[in-house]
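Chemist: In order, the protein sequence lines correspond to chains X and W. Residues in the first sequence are numbered from 1 upward in steps of one, following the working numbering. Residues in the second sequence are numbered from 1001 upward in steps of one, following the working numbering.
Hints listed in this document are in silico derivations from the structure and should not be mistaken for laboratory results. Treat the hints with care, as some may be off.
As the list claims (entries may be wrong) - Here are a few chain X residues that face chain W, going by a calculated C-beta distance under 7 Å:
1. N59
2. I63
3. S92
4. G93
5. Y234
6. F235
7. L236
8. V242
9. S243
10. D244
11. S248
Glycine included, every Cβ here is placed at the ideal spot set by N, Cα and C.
Number of protein chains: 2
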Amino acid sequence: MKKYCKWLVSSIIAFTVAIAFVMFFVQLEKPLTIEASEISSAISGVRTLDNFPTPKLQNPERILGPAGEIFEFSTCNRGDLGFTIANAQIPSGAGPLPHIHHYTNEWFWTPQGDLELFQSVKEYPNLNQPATDDQGGRTTVYTIATKPNQITYSPKYHVHGFVNTSSETRPLIFVWIQDETSPKYPFNDGGIREYFEDVGIPIKDLKQLPPITDEARGKFVTLAPKYGINQSNYFLKYVSSVSDQPPSALANLSNDQGLTKIIDAINAYNQGDKSVRCF
Amino acid sequence: MKKYCKWLVSSIIAFTVAIAFVMFFVQLEKPLTIEASEISSAISGVRTLDNFPTPKLQNPERILGPAGEIFEFSTCNRGDLGFTIANAQIPSGAGPLPHIHHYTNEWFWTPQGDLELFQSVKEYPNLNQPATDDQGGRTTVYTIATKPNQITYSPKYHVHGFVNTSSETRPLIFVWIQDETSPKYPFNDGGIREYFEDVGIPIKDLKQLPPITDEARGKFVTLAPKYGINQSNYFLKYVSSVSDQPPSALANLSNDQGLTKIIDAINAYNQGDKSVRCF
């Protein structure tokens, strides 16, 4: 019996060592499994906001985008803080092609959902090296099918964009905060409203929208770098692949400190606080 | 010594059984590894053609596409065989958004490469159920960065399209063969030339290209079903993800019998064979 007992013990030890040995290498070869488990926690962690305040302006500036988007702009400054908000209506199928911001960080608030955002993990910090094959290289973008009231953060340097995948016009609030590395633009907002004023089409009457010309569409792309933006003119120019499973590192991007400062400033402005200037 | 020997033998047996046990489950969980080995064989199997003959016509019909593509058409009939060829020039960044043919099967011959084709594995056999979220469902398309002289087959029912990813205009020869299920169209070509004649802009003088209007661009989408085509109007309408690793089943699609019939008919026509009619 004693002999069998020793055999048994040595067998169990050998079995355990062998399993540990193989499991170690399996672990090394399987980062995908780890990623998959992170994804579900990312999905369950959708960030929402019940409401997003906008500054109450008398005559907000309205601009028509290249695919019929209606943007209603407001810009606020409070000390060093500068940001621009666009309260927008996005027609079915519309939305910007993949692009990169260098001087702003952006949030998208989607009160009704239905907008499919996409964003890269890879960052492109050089304005002169956009994500093309012959420059910074194309990348994978990850889609996020937004839920009602979802707030999504998309900082500078990432390739991003969105499209309205529903058959109806959908609302979207864009928020761009000036990045600390931005050169000085007149509105202290990282140049984003200046960009739309330069390339967009002014709307005088919402009931009579102006025509969108090819010239205007072209300017959205060609003049973008002047405002710290790389703007592609076809979907696959910056994008080599698209995945609908964003890694948690991307889905969990946030900048709650920045967002809180913005919401505080808007609420203060709407309550008559003279430390905030909005226009 | 005998005792140690028995321990050793039993240890080796237990170790081996444990490794076999774990490896079995590792194998079960890793279909991706198997797929990766298939991909490389698909990539090495790029099909090329040194030349693609086109029918010698006196005044080929020329039509301007929605993104400035110049199409020079020829259609041939020989018995039951009906096909249309477009000898085309594709500007940088141009190419059709994802679409589905129901009455034609198509080849792309890329004499200089530089065109990025994309195609789905999933098939959509119902013209009234395109690949949208609320109909047939969106799908994955796989990109193929074409090499010079590559010939790629893309049959009916698959979502497909392409874009010129280079910074220069690139040549492309499209070949569409009438599918046996096609209803009767005037040119016996599955309705494809009839489609371009209906929605495209006639070119009278290559030195003075006509302007492309939004109306014309819209017709490429809205009139497509009349000619057995589902045409999307933004990249992600039919597409949920994009992969640059086509499975071999897709990369190896071919119809050499159909292609041979077409090339034989063109050569016969160019040699004066009256059994072939081209126009």
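Chemist: Against each hint, give a clear statement of whether it holds in the structure.
Modeler: Hint by hint, here is what the structure shows:
no., hint, result
1, N59, "violated (30 Å)"
2, I63, "violated (19 Å)"
3, S92, "violated (9 Å)"
4, G93, "holds (5 Å)"
5, Y234, "holds (5 Å)"
6, F235, "holds (4 Å)"
7, L236, "holds (5 Å)"
8, V242, "holds (4 Å)"
9, S243, "holds (6 Å)"
10, D244, "holds (5 Å)"
11, S248, "violated (18 Å)"
Of the numbered hints stated above, those contradicted by the structure are hints 1, 2, 3, 11, listed in ascending order.
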